[in-house]
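Asks: The residues making up each chain are set out below.
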Amino acid sequence: MIGSGFLYAVAGVVFAIFALLSAMDVEHSRRWGNAAFYGLIALSFLGGDRIGDVGNGVLVLGLVAIAGFGWMGRSTRPPTAAVEREANAAKYGNRLFVPALLIPATALIGTLLFRQFPDLVDPKQVTLVALTMGVIAALAICYIWLRPRPATPFVEGVRLMDSVGWAAVLPQMLASLGAVFALSGVGEVVGRIAGHAIPDGSLVGAVLVYAIGMAAFTMVMGNAFAAFPVMLAGIGMPLLIRRFGGDPAVVAAIGMLAGFCGTLMTPMAANFNLVPAALLDLKDQSAVIKAQVPTALALLAVNTILLYWLGFR
Amino acid sequence: MLVLAGIAVIAAGFLLRFNPLLVVAVSAAVTGLAAGLDPVAILAAFGKAFNSSRYITLVYIVLPVIGLLERHGLQERARALVAGLKGARVGRLLIGYLLFRQLTAALGLNSIAGPAQTVRPLVAPMAEAAAERQGVPPGGDAIPAMAAATDNIGLFFGEDIFIAIGSILLMKGILEGYGIAIQPLHLSLWAIPTAVAALLIHGGRLWWLDRRLARPR
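These protein sequence lines are chains A and B, in that order.
Residues in the first sequence are numbered from 0 upward in steps of one, following numbering that gives the first Met the number 0.
Residues in the second sequence are numbered from 0 upward in steps of one, following numbering that gives the first Met the number 0.
Worth flagging that the hints you see were computed from the coordinates, not collected in a lab.
Be aware that one or more of the hints could be misleading.
Straight-line C-alpha distance at most 30 Å; calculated DSS-like pairs for lysine-lysine [said to hold, decoys possible]:
1) B:K171 <-> A:K123
2) B:K47 <-> B:K171
3) B:K171 <-> A:K90
4) B:K85 <-> A:K123
From a predicted model like this one, the values you see are computed outputs, not experimental measurements.
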C-alpha cells in the first residue's frame, strides 16, 4: 500500500540531496551547518521509525544545536540573472505554467481518484500521496522538456530551502512541545487559573475568556491544536458545556476557529507566517502577520459573537 | 503551577530573540522537569512526537520543481500574463484566489496550494503585476505579504468545513474523551458561518484596497 512510507522516502531523498549540495558548495562559509541540518532531516524521514523515541530526541537536539548556535546560512551560488529569466520567459511562454499547475491538478485528481482505491493508497494520506506524485511527474516533465543538468533543479531548490532555513522544522518542534505539555498536565493548570478569572455565573465572561484564551494560547504555542485541549478542559467543558448547557459542537468548532485567528497573529506559526515572508524575500519578516492582523481581530470578534449566539440558543 | 514555567520560557525567549528552536527545546525541558518527569522520558516523548509529525515538513519537496521553473522565467511569465489583462486589479485577483482557496480547502484539498506551491511562483507575482498597473511602486512588501495572508486566511477558514480534516478529527476525539459523541459533519457545519464571515471581512479589505488604489494621488 502506498502511504507514509513512500512519502517519507521521497522527502528523505530530496533532503539528502539538499545536504549533499550544501556540503559541495565550497564558497559557502556555513556549508557544513546547512549540510548537517538537511542531513538530519533526511535521516528523520528515512530512518525515523528505526532509531527509537530517544534516538529521535537526540536527532532533534542536533537540529536545535545547529540552529541555536547560528551555524546555518544562505547559499552563495549566484541566482539566474533577471535578463536571462526574461529571455527564458519569452522563449518558453505560457507553457511554463503546465508543470507548475500539474502539481495542484494531480493533487486534486489524485485525491478524488485514490479515495476509490483504499487498498492501494492509504486513505489517510491520499492528498499528500497525490501531491508527491504530482511533484515527481512535474519534475520528470521538466527534465525532458527543459533539459537542465541533473543537479540544477536541486541547486535551485536548495537556494529556496536556505531562505526558509531552520524555520522549516519549527512547526514539528511545536507539535512535539505540545506533546510534552500534555504529558506534564499544563492544560489542567491553565484551566484552573482561567476558571478563577471568570466572575461567578457570568456566561458572557466565560465565552470571552474561552474565545480570547484560545487565540492567545494559540499565539504562544503557534498551533491551535495544542491550545484546543487546554481551553476545552479548562473552560469549554466545565463552564460552557456543563454549567451553561452550551451546544458541544458549537463550543468545539467555533473555539477551534477562534484559535485559528491566533495562528494568523503569531511568529510561532512559522510555516504560515515566517516561511512565506522568507520565500517571498520580504524585507520585513513580520509583513505577513501585519497583513493578517486586521482580518484576524475582526474574525475573532465575529467568532466570539457567533459562539455566544449559536451555542446557547 | 510550576509547569507553567515553560510558557514563560517561550514568551521570554521570543522577546529576547533567541533562536525559536532553542526556545522550544528549553521550554519542553523546563516543563517536563517541573512536572517531575525523568529527562530521558522528556527526550523520548519529544522525539516520538517529532517523528509522528514529519508530514508537516514534507511540502518542501516541491522546491526543486518551483526553483527550476523560476530559473526558466515562471515568475516573469505570471507577471506578464496579468500585466496583459485589461481589468486586472490586485484586490479582485486576490478575492478570486481567496474564494478558490476556501472552496478547495472545504473539499479537503488543503495541500494543493500554499506559500511554496502557488504563492511564490504564481499568486504573488500576479498580484504585484496587477498592483503595478494600479500605480503601486514595485519592490514593496505590502502586496506579496497580502498574497500570502490571503492564502492563509482562505485555507484556515475553509478547511474546517471538510469533515475529515485533522482539526475536526481532533475535536471529535477529545469530545469523545468526555463522553460526548458528535458526528464530524455536525462539527464541520458550524465552521460555515465563520467561513462566510472570513470571506466578507477579508474580501472587503481587498475590495477596499482596490478602491484606495483607484483614488487619484
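Asks: Each hint: holds or not?
Replies: Evaluated hints:
{"no.": "1", "hint": "B:K171 <-> A:K123", "in the structure": "16 Å, holds"}
{"no.": "2", "hint": "B:K47 <-> B:K171", "in the structure": "23 Å, holds"}
{"no.": "3", "hint": "B:K171 <-> A:K90", "in the structure": "53 Å, violated"}
{"no.": "4", "hint": "B:K85 <-> A:K123", "in the structure": "44 Å, violated"}
Hint violations for this structure: numbers 3, 4, all remaining hints satisfied.
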